[in-house]
Amino acid sequence: MAALTLRRKLAILSDAAKYDASCASSGSEKRNSVGTGGIGSTEGSGICHSYAPDGRCISLLKILLTNFCVYDCIYCVNRSSSNVARARFSVEEVVRLTLDFYKRNYIEGLFLSSGIIRSPDYTMEELVRVARSLREEHQFAGYIHLKVIPNAAPDLLAEAGRWADRLSTNIEMPTDIGLETLAPEKKPSEIRTAMARVRGKLDEADPDKKAKAAKPKFAPAGQSTQMIVGADAADDGAILHRAAGLYSGYRLKRVYYSAFSPIPDASSRLPLKPPPLMREHRLYQADWLIRFYGFDVPEIVAGGEGGLLDLDIDPKLAWALKSRQLFPVDVNRSDREMLLRVPGLGTRGVDRIIATRRHHRLRLDDVARIAGSIDKVRPFIECADWTPGGLTDDTRLRARLTPQPEQLSLF
Amino acid sequence: MHIVRMEGLNDFAEWRGKARQVLAAGLSPDQVEWRMLGDVGGLLDQPTPLPLADHPVGSVPRQFLDLAEQAICHADPARFAVLYRLLWRLQADGQLLQNSADPDNSLLTKWTSAVRRDSHKMKAFVRFKSIVDDSGLERYAAWFEPEHYTLERTAPFFARRFDGMVWAIVTPYRSAYWDGESLAFGPGGKRADVPQDDAVEGDWKTYFSSIFNPARLKVSMMKSEMPVKYWRNLPEAELIAPLIRGARQMEAEMIERTASQPPSRHLRQQAREVEGAEDVGEIASLADARAAVQGCRRCPLYEHATQAVFGEGPEHAEVMFVGEQPGDQEDLAGKPFVGPAGQVLDRAVEKLGIDRSRVYVTNAVKHFKFEPRGKRRIHQRPDGGEIQACKFWLNLEIGLVKPKVIVALGATAAQSLLGKSVTISKLRGTPIALADGTTLFVTNHPSYLLRIPDVEGKAREQAKFEADLLLVREAIAGLRKTH
Ligand code: SF4
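One line per chain: the protein sequences are L and X, in this order. Each residue of the first sequence is one higher than the last, beginning at 1 in the UniProt record's numbering. Each residue of the second sequence is one higher than the last, beginning at 1 in the UniProt record's numbering.
It should be emphasised that the hints constitute simulated quantities derived from the structure, not laboratory data. It is possible that some hints are incorrect.
What the hints assert, rightly or not - Mimicking DSS-like on lysine-lysine, the simulated pairs with C-alpha atoms at most 27 angstroms apart in a straight line are:
(1) K217/L - K335/X
(2) K335/X - K253/L
(3) K218/X - K253/L
(4) K223/X - K273/L
(5) K402/X - K351/X
(6) K215/L - K335/X
(7) K187/L - K391/X
(8) K217/L - K375/X
(9) K123/X - K253/L
(10) K391/X - K402/X
(11) K190/X - K30/L
(12) K218/X - K273/L
(13) K376/L - K218/X
(14) K110/X - K376/L
(15) K123/X - K30/L
(16) K187/L - K335/X
(17) K391/X - K335/X
(18) K375/X - K215/L
(19) K351/X - K464/X
(20) K375/X - K253/L
(21) K190/X - K205/X
(22) K187/L - K375/X
(23) K335/X - K186/L
(24) K223/X - K123/X
Starting from the given sequences, assemble the full structure and let the hints guide the process.
Here it is, written out as structure tokens:
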């Protein structure tokens with residue numbers, strides 16, 4: 001076989017990585033290359049250096065070390081039974097590409113994943129070698145995200161966390177049964193054990209906890225995971241329930257939801273249709289409500305029907321329309337928890353309302369200015385010069401607040 | 001009318017100095033005209049020498065200085081005058097900046113956010129090209145057209161980031177240079193001052209088109225984050241139109257191309273695996289059981305816990321302690337009794353002189369049952385069905401370890417071992433003979449002791465717990481004698 005050019009390998013191994021939804025390069029420690037003679041910096045918030053026509057930010061060089069894989073996960077383009085073109089980078093090639101791209105300011109850093117070759121340990125060791133080389137030989141201070149290979153030895157994990165800003169282990173499917181059906185070689189408990197190990201290391205390195213000696217650093221941007229949505233029959237309730245369990249158990253920074261998109265050479269057991277992008281969007285909104293608005297999973301799921309979120313309206317509005325007995329909320333008197341539940345009010349809006357009402361009673365105009373737009377808010381609040389009267393319970397309210405389909409389209 | 005001429009486009013110190021002079025002279029905003037160097041309209045008029053200050057200058061909020069320093073980088077020619085008007089008005093109304101309805105004020109806010117955004121976009125969209133000279137020294141240069149005068153405030157970012165590189169960023173109004181040690185600014189330039197090509201650009205374009213997933217086309221989203229005005233200097237931008245045009249076709253092809261015959265490499269691998277597959281035979285040892293329990297699906301608890309936590313201790317321990325279920329820490333570690341309750345148990349066992357190396361510890365239920373609550377997992381008590389389902393594993397452990405004495409810690413363990421729900425207070429203090437000849441003692445779960453708030457109550461319960469363990473120790477001693 002003729003040797004592949006670096007560019008051909010890059011085409012194959014970035015194509016293979018395009019189904020992974022995680023992209024963030026934020027939330028790490030602050031550091032730069034001043035005085036090191038190296039390159040790289042992270043300043044807390046990440047920078048998106050480009051955008052693909054799919055609207056997704058390009059912040060990292062997201063590639064696979066290799067797309068050869070001994071596993072045969074049905075949903076994965078790299079599974080061993082697939083006939084896609086295969087390639088493998090050497091450690092040095094990945095290092096060179098990362099530095100070359102970084103020096104031209106194309107990227108914030110590297111997101112490296114891999115098909116499993118030979119063994120989990122061997123594969124993880126290769127990923128770690130790339131990161132080690134970047135940090136130690138090239139004084140690279142940019143962002144590094146490494147994929148954890150479940151079942152790799154704990155000391156490899158410890159070393160990975162030493163070089164990487166973020167580690168992630170993909171949970172892949174919302175249910176264990178789903179995973180075992182579509183990914184027969186993957187063991188859900190091994191995936192969770194890998195996350196538990198990362199969490200243990202994060203806890204040890206936590207600067208908040210008091211300890212005398214300086215602690216070795218470990219993945220300062222934390223860990224994340226990805227769940228594929230729509231490849232199996234799991235409903236949104238199962239997905240969110242799974243996510244809540246992962247957030248609480250493993251101190252995850254993010255769960256990424258990835259609408260299953262058709263892959264070339266796919267098995268007939270998969271839904272070969274355009275990816276459910278709106279469903280994915282609603283799941284992100286629901287996830288947000290759980291993490292920052294004090295909602296729990298059953299409440300959010302109750303806003304939809306039969307375990308699925310409402311696709312036409314956002315999950316907070318869907319919940320509020322079904323919980324009208326709790327409204328209207330008096331913006332001049334209610335506590336923060338309840339204000340956070342008003343559709344159209346965000347955390348910053350609520351904070352501003354609370355700050356402002358210390359000075360004077362809010363009128364509808366004030367709320368409109370703070371919220372940016374009042375339509376969604378009005379039926380659910382009371383203020384100095386406004387009560388919604390029968391509007392809150394109006395049967396046509398839902399129709400009135402449902403955007404027209406044109407606006408709904410993501411294109 | 002006084003004409004003040006600005007030498008710099010965005011030099012805050014210059015503006016501040018001049019504004020202070022004008023203000024000290026008591027000139028109101030409509031008595032002053034601010035002109036930029038090279039202003040066509042101002043070609044004929046001479047700057048008026050500024051009157052000497054005749055009364056002291058007032059003060060402004062710190063916030064104004066911060067905002068003005070940003071706003072002065074905005075391209076709007078009115079910036080110097082508006083800032084002066086705000087400065088003037090702030091003398092009379094110190095709270096002016098809090099009034100977001102004021103037109104000058106909202107202009108200030110609009111300008112500062114435009115400047116911040118432009119600066120952020122510069123960090124994102126500068127594209128360096130590499131130049132290697134005859135000596136082999138590699139330098140980098142970029143041509144960038146900011147919408148506002150943001151080079152000076154953004155260049156330090158590049159200095160922090162690219163310490164080990166020699167680089168220049170050329171914009172139409174100014175250039176920045178970094179030689180590896182210090183940052184310098186010079187006059188603006190032209191696009192032609194920077195090379196057109198770069199050896200790595202082809203790789204970058206390859207990456208850009210390969211990472212794009214045609215099934216997710218969302219052009220408006222891309223345009224809102226990467227405004228078209230920046231595209232002319234982004235090498236990858238020329239790919240956007242053809243990628244969009246081809247997307248539907250590519251997606252359709254992906255959907256149509258269903259699975260073909262797997263490659264022979266895959267078939268060979270599958271064959272190897274079938275050969276190597278072992279029969280999962282009978283569970284004949286603790287090690288077998290420990291492996292098998294990880295695949296248990298007897299009740300729904302396996303799905304959200306990390307792993308099954310099996311018992312630990314010597315293979316033929318005399319005593320087996322049975323707790324309720326693993327907690328948060330046990331679930332993460334995969335070992336029983338490593339959390340706070342485990343420490344209470346260890347201390348008591350040691351204090352009463354029970355040989356820890358002869359003790360096997362396990363739980364009635366092997367998976368952690370919890371309710372997620374934000375960043376924490378709240379322990380939940382297993383129900384009768386789960387206890388019953390998991391009895392399979394506890395029975396296996398008892399059968400393999402063959403303890404002489406079993407200690408049930410808490411009601412769940414007692415329920416599992418006795419097959420019915422029971423009250424601890426009624427059962428503790430007396431040995432119970434089980435059908436298989438082992439002796440069962442029942443006491444509280446050590447986590448119960450941890451939950452008692454008052455010191456006295458805690459001491460009382462601790463004493464009762466120790467008294468129960470004392471009985472256990474005596475029973476073990478008794479066993480040894482009869483042997
Ligand atoms: S708790 Fe017990 S019965 Fe339920 S799944 Fe886990 S090991 Fe099986």
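Do the hints match the structure? See the list:
no., hint, result
1, K217/L - K335/X, "26 angstroms, holds"
2, K335/X - K253/L, "26 angstroms, holds"
3, K218/X - K253/L, "26 angstroms, holds"
4, K223/X - K273/L, "26 angstroms, holds"
5, K402/X - K351/X, "25 angstroms, holds"
6, K215/L - K335/X, "25 angstroms, holds"
7, K187/L - K391/X, "24 angstroms, holds"
8, K217/L - K375/X, "22 angstroms, holds"
9, K123/X - K253/L, "25 angstroms, holds"
10, K391/X - K402/X, "16 angstroms, holds"
11, K190/X - K30/L, "34 angstroms, violated"
12, K218/X - K273/L, "17 angstroms, holds"
13, K376/L - K218/X, "26 angstroms, holds"
14, K110/X - K376/L, "26 angstroms, holds"
15, K123/X - K30/L, "16 angstroms, holds"
16, K187/L - K335/X, "19 angstroms, holds"
17, K391/X - K335/X, "18 angstroms, holds"
18, K375/X - K215/L, "23 angstroms, holds"
19, K351/X - K464/X, "14 angstroms, holds"
20, K375/X - K253/L, "10 angstroms, holds"
21, K190/X - K205/X, "24 angstroms, holds"
22, K187/L - K375/X, "25 angstroms, holds"
23, K335/X - K186/L, "22 angstroms, holds"
24, K223/X - K123/X, "17 angstroms, holds"
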